[in-house]
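Colleague: Residue numbers (our numbering), protein chains in the order written: chain P, 590 to 779; chain H, 228 to 899.
Where hints are given, some of them may not hold.
[Claimed, not checked] Computed cross-link-like contacts, DSS-like style, restricted to lysine-lysine with a CA-CA straight-line distance of at most 27 Å:
| id | chain 1 | residue 1 | chain 2 | residue 2 |
| --- | --- | --- | --- | --- |
| 1 | H | K415 | H | K542 |
| 2 | P | K668 | H | K548 |
| 3 | P | K650 | P | K754 |
| 4 | H | K288 | P | K672 |
| 5 | P | K650 | H | K542 |
| 6 | H | K415 | H | K388 |
| 7 | H | K419 | P | K754 |
| 8 | H | K542 | H | K414 |
| 9 | P | K668 | H | K685 |
| 10 | H | K388 | H | K419 |
| 11 | P | K758 | P | K642 |
| 12 | H | K415 | H | K548 |
| 13 | P | K673 | H | K542 |
| 14 | H | K356 | H | K760 |
| 15 | H | K419 | P | K750 |
| 16 | P | K668 | H | K684 |
| 17 | H | K288 | P | K673 |
| 18 | H | K414 | H | K554 |
| 19 | H | K356 | H | K390 |
| 20 | P | K642 | P | K754 |
| 21 | H | K356 | H | K845 |
| 22 | H | K548 | P | K650 |
| 23 | H | K388 | H | K356 |
| 24 | H | K388 | H | K554 |
| 25 | P | K668 | H | K542 |
| 26 | H | K542 | H | K390 |
| 27 | H | K548 | P | K673 |
| 28 | P | K672 | H | K542 |
| 29 | P | K668 | H | K288 |
| 30 | H | K542 | H | K388 |
| 31 | H | K542 | H | K419 |
| 32 | P | K672 | H | K548 |
| 33 | H | K414 | H | K388 |
| 34 | H | K288 | P | K758 |
Hints listed in this document are in silico derivations from the structure and should not be mistaken for laboratory results.
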Amino acid sequence: MNKCHFHNVVLLTMAFLFASCLNCNALAESADEHLIKAAMVRNFARFMEWPEKTITEMEEKDLQLCVMGDDTVEQTFRKVRGKKVGNHTIVLREIDTIGGLQGCNLLFVDVSAGTDLEETLHTIQESPVLTIGETEEFTQAGGIITFFNESNRIRFQINLKAAQKAGLKISSRLLQLAVVIGQSSREHDK
Amino acid sequence: MYLSDRSTGFINGTPFHEEVSMFKKSFITLLITLSAVTSSLAAEKFSDEDLFNMDLQELMKIEIFAMGEVQPRTTTSMDESTRIFEVTAQDIASQNARTIGDALRFVPGLFLSRGMEGSSAVVFIRGAKKTPLVMIDNRPVAEPQQGLVAWDQFPIDNVAKIKIIKGPSSAAYGANSLNGVINIITKKGKGKPNSHIQYQESANSTKDIWAESGGEAGLWNYYITASYRRSDGFDLSDDFHQTPWQTSSIRRESDYERKNISMNLGRDIGADSSVAVLAGLYRSADGIMPFADKPTFYHRRWQDWQRGFLDLTGKTILFNKINVRGKFYYDQFSNEMIFFKQKNFPEYQFIDRISDFDNATIGGNIHLNWLCGENLKMDVGSYIKNNMISTRLNEHEQWQEEDLTTIDFFIESRWSLLDNLDVTLGLNYDTFTGTEESNNHLSSWNPRFFIHYQPLKKTTMHIAYGRKSRFPVTRELESENGNPSNSEVHGDLYEIGLQQLLWQDCLSLGFIVFQTNTDDVISRDYNNWWTTKYENRYEQHYHGIELSASARITDRLNLSADYSYTDTRVVDDGEEFRLNETTYHQINGRLNYISDFGMAGFIQLAYSSGLYDFETDKDLDDFTLINAKLTYSYKQFTPFLAVENLLDENYVRSVGYPQAGRTFTIGISANF
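Start from the sequences and build out the full structure, keeping to the hints where you can.
Modeller: Written out as structure tokens, the structure is:
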């Protein structure tokens with residue numbers, strides 16, 4: 590083999606290996622779970638209709654996204670800070686205690702939060718807060734949306750009854766993508 | 228070879244200009260290929276911004292990292308990228324640990340011994356024969372005279388988590404982290420108020436009663452705990468051969484009585500801010516174990532050890548961007564040590580003197596961190612503390628006053644250069660001002676860097692370097708053997724690590740190799756121990772490896788194991804030798820099982836070998852320890868049975884200090 594070609598083959602192989610190493614995550618089209626969830630939470634807000642009073646408050650205080658979880662989760666969600674949903678800028682609040690929930694428009698409760706779910710959801714019961722969790726128990730306890738994994742991809746379940754109780758209207762476009770629970774029989778008929 | 232051929236104008240027989248041309252072509256090919264391959268793949272890669280620009284349907288198509296997978300982009304500091312060993316509240320309960328010392332017994336690469344150095348327990352990390360930097364909620368707690376930590380006097384009651392950072396740690400821990408960092412994080416009240424009470428008992432009237440309560444009420448959260456613990460001492464193994472200095476089966480002077488109370492009261496202020504007050508009062512009376520195999524010059528007891536602290540902490544977010552955490556604290560402790568004469572040996576009845584040691588520390592720290600754009604995170608902050616020490620050798624002498632101030636400034640930044648590559652750079656500037664008498668003023672610059680790389684989805688690697696220092700303690704400066712001209716001890720720490728997940732993430736493997744070179748280590752002359760002053764004498768080199776594996780066999784059964792090897796060498800006046808208690812192999816294994824009917828079991832196995840005795844130049848005997856705990860939960864009650872040293876192994880971790888034999892404990896806990 591020509592020496593030049595030989596060198597090229599070696600270098601090409603090295604380049605391929607190097608690039609493959611650097612990008613094997615990309616080949617799998619994978620990403621950090623919490624980062625995807627943070628992006629999805631922002632999307633949920635786009636398909637929500639809050640009561641008029643809450644929207645007026647948002648105009649003054651922006652959209653309050655509250656996060657309960659460990660440092661890693663909070664760190665990931667900080668990347669949502671400052672992003673827009675419609676005309677509203679997202680303000681991130683890292684919540685340690687139930688006492689800090691006042692004024693939240695969206696609440697994400699990570700499994701690492703170690704909080705009493707029932708107690709947390711009871712505190713904001715019937716307030717226009719879009720609650721998002723990560724376990725089946727979350728929607729059972731009155732949470733509105735919960736994430737679940739299916740074939741290593743993120744899906745979500747919506748508790749329609751809980752959303753109605755909170756005074757939130759959910760776009761049918763969002764409902765089409767979700768597994769919906771808590772529908773009335775009339776809605777089923779539709 | 229290349230250069231010499233080049234001078235002749237030929238490379239491997241090919242004219243030089245042709246070879247250069249070939250090299251250029253090849254190099255250009257490499258660059259083009261790299262660019263092409265990288266950019267073709269980059270089109271499929273998701274940056275943070277890509278994700279935030281996607282709609283829901285697109286997001287739902289992305290494959291996620293599996294649970295438990297290492298995710299480099301979520302790291303927040305150098306430490307979170309390195310292998311930190313954590314002892315959680317669950318581990319503490321499983322091990323039935325009653326003191327912080329108990330909780331650290333089986334940490335890989337960490338050496339704990341009871342009875343040496345005039346303390347009830349000592350801890351060394353990776354062969355460094357000095358206490359690491361120990362913080363409780365970011366408050367340094369080592370006493371400034373000898374640099375020791377009261378491992379068995381600090382209660383475990385309020386501990387949520389203990390983080391052990393052995394290598395080049397983050398700059399954000401401040402000064403004196405040369406010998407590792409142990410960061411103890413305490414509990415705070417969360418959720419619905421609840422209470423827990425526990426009672427346990429073992430041989431020699433060893434009794435523990437402990438209660439805690441915590442929760443939230445509106446904007447307030449609270450946590451309070453109290454405990455009472457006492458013992459007449461621990462039993463030695465049946466295999467221990469009595470000596471004239473240890474004639475009973477109960478280890479001499481291993482008795483104690485401890486009373487502790489602490490609280491944490493917090494309040495949220497507005498959306499982004501909170502404040503908290505932490506306070507505690509600990510009291511203890513302890514024997515100090517003498518040698519079991521030879522006479523002790525003095526016999527000593529801590530007859531009244533007291534420590535009280537008040538922490539004020541707060542956190543907020545400034546400009547919707549900068550996270551700010553701050554702390555101000557006052558920490559006071561006093562320690563009365565009683566010395567007995569050797570008359571009527573072995574019954575020490577005659578008091579020779581009572582020495583006193585008081586220390587009041589006032590300090591504070593502030594830590595700011597923020598994200599500069601998508602890929603750069605900054606941390607800056609400062610620690611400051613002032614120790615006011617009062618000592619007297621006996622009640623007839625004047626109090627000696629000393630005043631020490633330590634200040635640290637740190638800055639650390641982390642760049643996410645690629646989705647799978649983070650680089651961290653950090654720098655500490657530490658200063659130390661000693662007493663007026665000695666006029667010590669020392670300062671130290673300590674840089675560090677860290678690279679964290681994830682070449683494959685389930686593989687992470689890190690390379691770390693840190694230069695660190697330790698300032699002298701007052702014994703090394705001002706005591707009878709002190710030397711006011713001693714300067715700080717320096718060290719260069721290197722670490723390379725690899726972590727791999729296998730078998731659908733059920734098995735996690737870790738590998739670390741480390742090397743530390745310290746210089747100007749403060750010591751007295753080993754050959755002239757009693758007369759020589761402390762000096763910046765020798766070099767110390769230690770290296771080793773750490774392997775770890777943890778497996779989730781089922782949802783209810785977990786197994787983990789680790790192996791660590793540490794070799795420590797000292798070079799003094801050109802002569803190399805090994806150090807006591809620092810060269811060893813250590814293997815730990817743990818098994819946790821939780822049944823679906825309320826029963827849970829924990830078994831721990833620990834094997835050590837290669838501990839060394841400097842005086843006889845021999846390795847100490849290997850030993851194997853097995854501990855176990857069985858619990859059964861029925862409604863709110865959980866009775867339990869625990870055993871330590873099931874094999875009744877007769878062992879020492881340092882020469883002359885036999886450790887506890889087989890010990891059974893029974894107890895019950897209740898939650899309300």
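Colleague: It remains to establish, for every hint, whether it holds in the given structure.
Modeller: These are the hints, each one checked on the structure:
no. : hint            : result
1   : K415/H / K542/H : 15 Å, holds
2   : K668/P / K548/H : 11 Å, holds
3   : K650/P / K754/P : 24 Å, holds
4   : K288/H / K672/P : 22 Å, holds
5   : K650/P / K542/H : 21 Å, holds
6   : K415/H / K388/H : 12 Å, holds
7   : K419/H / K754/P : 23 Å, holds
8   : K542/H / K414/H : 17 Å, holds
9   : K668/P / K685/H : 24 Å, holds
10  : K388/H / K419/H : 21 Å, holds
11  : K758/P / K642/P : 14 Å, holds
12  : K415/H / K548/H : 25 Å, holds
13  : K673/P / K542/H : 26 Å, holds
14  : K356/H / K760/H : 18 Å, holds
15  : K419/H / K750/P : 25 Å, holds
16  : K668/P / K684/H : 22 Å, holds
17  : K288/H / K673/P : 23 Å, holds
18  : K414/H / K554/H : 17 Å, holds
19  : K356/H / K390/H : 19 Å, holds
20  : K642/P / K754/P : 16 Å, holds
21  : K356/H / K845/H : 18 Å, holds
22  : K548/H / K650/P : 16 Å, holds
23  : K388/H / K356/H : 24 Å, holds
24  : K388/H / K554/H : 19 Å, holds
25  : K668/P / K542/H : 20 Å, holds
26  : K542/H / K390/H : 21 Å, holds
27  : K548/H / K673/P : 16 Å, holds
28  : K672/P / K542/H : 23 Å, holds
29  : K668/P / K288/H : 21 Å, holds
30  : K542/H / K388/H : 20 Å, holds
31  : K542/H / K419/H : 23 Å, holds
32  : K672/P / K548/H : 13 Å, holds
33  : K414/H / K388/H : 8 Å, holds
34  : K288/H / K758/P : 26 Å, holds
Of the hints listed earlier, there is not a single one the structure fails to meet.
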